[in-house]
Amino acid sequence: MTKNKTVLYSLILAFTFVAPFAFPDFGTQLATLWLMIIVALTWDMTGGQMGYNSLGNIFFYGTGMYVASLICIGLVYDVGDYTNAAGGGIYKFTDAQYFGGLFLGVLGAGLFCSLTAVIIGYLTFGLRGPYFAIGTLGVAIAAGELVSNWDWVGGGQGIALPVYPGDLDTGKIFFYFLFAAVGVGVFVFVKWLYGTRFGAAINAIRDDEEKADAMGIHTLRYKLYTWAMAAFFVGMAGGISAFQLIHFEPLESAYQTINLGIFMVVCVLLGGKGTLWGPVIGAILFHVIKEVTWNYFLGWQWVALGALIVVTVVYFQDGVMGWLMHKHPHLFGIKVEEKTAGETE
Amino acid sequence: MDQILANIGLLFEFPIVNLKIILDGIMVGALFALAAYGLALVWGVMNVKNLAQGDLVICGGYVSWWLVQHGFPALLGVPVAFVVMWGIGWVVYKLVISRVIERDLFTSLLATFGLAIMIAQILNLLFGSDTQSVDLGYPTLHFADGLIDLPIAKLIGVLMAAVLATGVIIFMKSSRMGQAIRATAQDARAARVMGIDTEKVYAFTFSLNSAICGAAGAIIVMVWVIQPFYGIAYSIRAFVIVTAAGLGNLPGVIAAGLGIGAAEQYGAHIFGIGYQQAIAVLLLLLVLLFRLIQQRRNRQVLK
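In order, the protein sequence lines correspond to chains A and B. Residue numbers for the first sequence follow this note's numbering, so the first one is -4 and each next one is one higher. Residue numbers for the second sequence follow this note's numbering, so the first one is 1220 and each next one is one higher.
No wet-lab data here; the hints were simulated from the structure. A hint or two may mislead.
[To be verified] Quick list of simulated restraints, FRET-style, between CB atoms: (1) Met1396(B) - Ala209(A): 40 to 50 angstroms; (2) Asn144(A) - Glu1232(B): 18 to 28 angstroms; (3) Val183(A) - Gln1222(B): 45 to 55 angstroms; (4) Arg1516(B) - Leu188(A): 27 to 37 angstroms; (5) Arg1516(B) - Asp203(A): 38 to 48 angstroms; (6) Asp208(A) - Leu1505(B): 19 to 29 angstroms; (7) Leu102(A) - Leu1369(B): 51 to 61 angstroms; (8) Asn144(A) - Arg1516(B): 30 to 40 angstroms; (9) Val113(A) - Asn1517(B): 24 to 34 angstroms; (10) Arg1515(B) - Arg192(A): 21 to 31 angstroms; (11) Pro1234(B) - His213(A): 47 to 57 angstroms; (12) Leu106(A) - Phe1509(B): 29 to 39 angstroms.
Quick reminder that beta carbons are idealized off the backbone N, C-alpha and C, glycines included.
All chains, please: the whole structure from these sequences, using the hints.
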């Protein structure tokens, strides 16, 4: 079993490395796929494992975008002047400034998002169930609206970042590997985390928070740590996205509540909530469905996606992993005693 | 910042401006209260948190707008939207809502969110993304040297909202179905034992909610403008109002609706119209935090 697993993981890792070279036409698509995997895995940390269904994780994505680009710009130029230029001024970035700004920016975005997660979490973690979902959704929408009125960061126009220095295809592969690195990092991290005492504690919070509290688990602290970790990765993903997209604006691309903000939840539900592989499978499935609908039902793609959300949530909430677990429990190490009614030992 | 201070100064310099803002706020708030009442009804009776509330409102608006485009009188739009949205609500109930009632609340939240996206996009495909409105052609009254302007259309809209609300209240209080709805809200199982067909009650309640929203939308299209993607704004306001007022508290819902309408108008006046949406959402967060602190005092959480 362990040998099989090693082979499987090496195969996946090898595919990760080969994919952008094997399918050069799909470079951006594959990068987006990794983004979906990152946000789905991190959403599952709170949603699936801890039982706190956040609709506001997109807040960290948008904030990550802004923080990363502000750091990159702020290291070289005055941010107010830069965002005010509206294409008029000429702002050049040397290679060192670009890459230095990118790495510092992405890291800074992750750290800043962790910090905001702790603050927002402190205020909102008293809300349970649907109130938490609505409250976090409110945070994300409010942030988008406020940022789009904030002229210093470009207002509703958003920010235009420098273009990747070098040729376009190398740029695509560069961003693919950035996303892939974060994605693999998240996966390894959560795989390790769910096996530790910490993982058991957040599962206990999901199953019964009052009892977990009574057992001596400092629930608020665990919740804050978990959300801060999730926010760290989402913030980094947002930062990378900002550089990949080059130009972004607050409502449609940064704080895109009804796009990515809801997609990540659907990915997790499609794949199976509270499992390690569920979010990954869900993200891949969802991304494929999304691209197919985008290509073949142009105009109706959003209706199709809305329908997909409704159908997934209403009819298929356990997801692929849940369905597998139900059909083939032995694959998951669950033993089922075959017994018919009335039969005694 | 100077602009904000100047705007606040204006309020004290010309006190009559306050009256205008409050009047506007009450008119907006009356319509918010209608949508919020529908939400409270559904939330209380079948424990479904309907995020598609605002989109049902906008849908009703488009029904009325379509009628006017085809040469029908505008005032006819309100009853027609009520009936049409009743039907749509019934279909939505049968297809989606009936399957999420017994499930946990996040399911209903997410399912209705998907529904909201679908409704908005279908409207967008059918009618385009331009803002639309219906001009009733009535004059505007002016008071206090033109500082206060009161379009008669708005007066009619508020009046219709009041009539609709009164009708629904009387219906809930005295009709047989209203009693059954209230009984189901109190205890669905006991209601079933007493011979109430709760499935029918649920279907009726959701259709009624949808119809109320539709009528509200038909009023909104006469007074302001609608656009396929405006729905979420109304959903959020409905949530603010219901969270602030609590379930099954109709006077509270109306008071909170009017209050939030006024608060939003003040916010838009002081900070600028660009912040209107942000203010609505921040109000929601404030209400949630306030309720949270209230609960924390009793060592409880907001469930």
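Hints and how they fare:
no. : hint                                       : in the structure
1   : Met1396(B) - Ala209(A): 40 to 50 angstroms : holds (45 angstroms)
2   : Asn144(A) - Glu1232(B): 18 to 28 angstroms : holds (25 angstroms)
3   : Val183(A) - Gln1222(B): 45 to 55 angstroms : holds (51 angstroms)
4   : Arg1516(B) - Leu188(A): 27 to 37 angstroms : holds (35 angstroms)
5   : Arg1516(B) - Asp203(A): 38 to 48 angstroms : violated (23 angstroms)
6   : Asp208(A) - Leu1505(B): 19 to 29 angstroms : holds (27 angstroms)
7   : Leu102(A) - Leu1369(B): 51 to 61 angstroms : holds (57 angstroms)
8   : Asn144(A) - Arg1516(B): 30 to 40 angstroms : holds (35 angstroms)
9   : Val113(A) - Asn1517(B): 24 to 34 angstroms : holds (25 angstroms)
10  : Arg1515(B) - Arg192(A): 21 to 31 angstroms : holds (28 angstroms)
11  : Pro1234(B) - His213(A): 47 to 57 angstroms : holds (53 angstroms)
12  : Leu106(A) - Phe1509(B): 29 to 39 angstroms : holds (31 angstroms)
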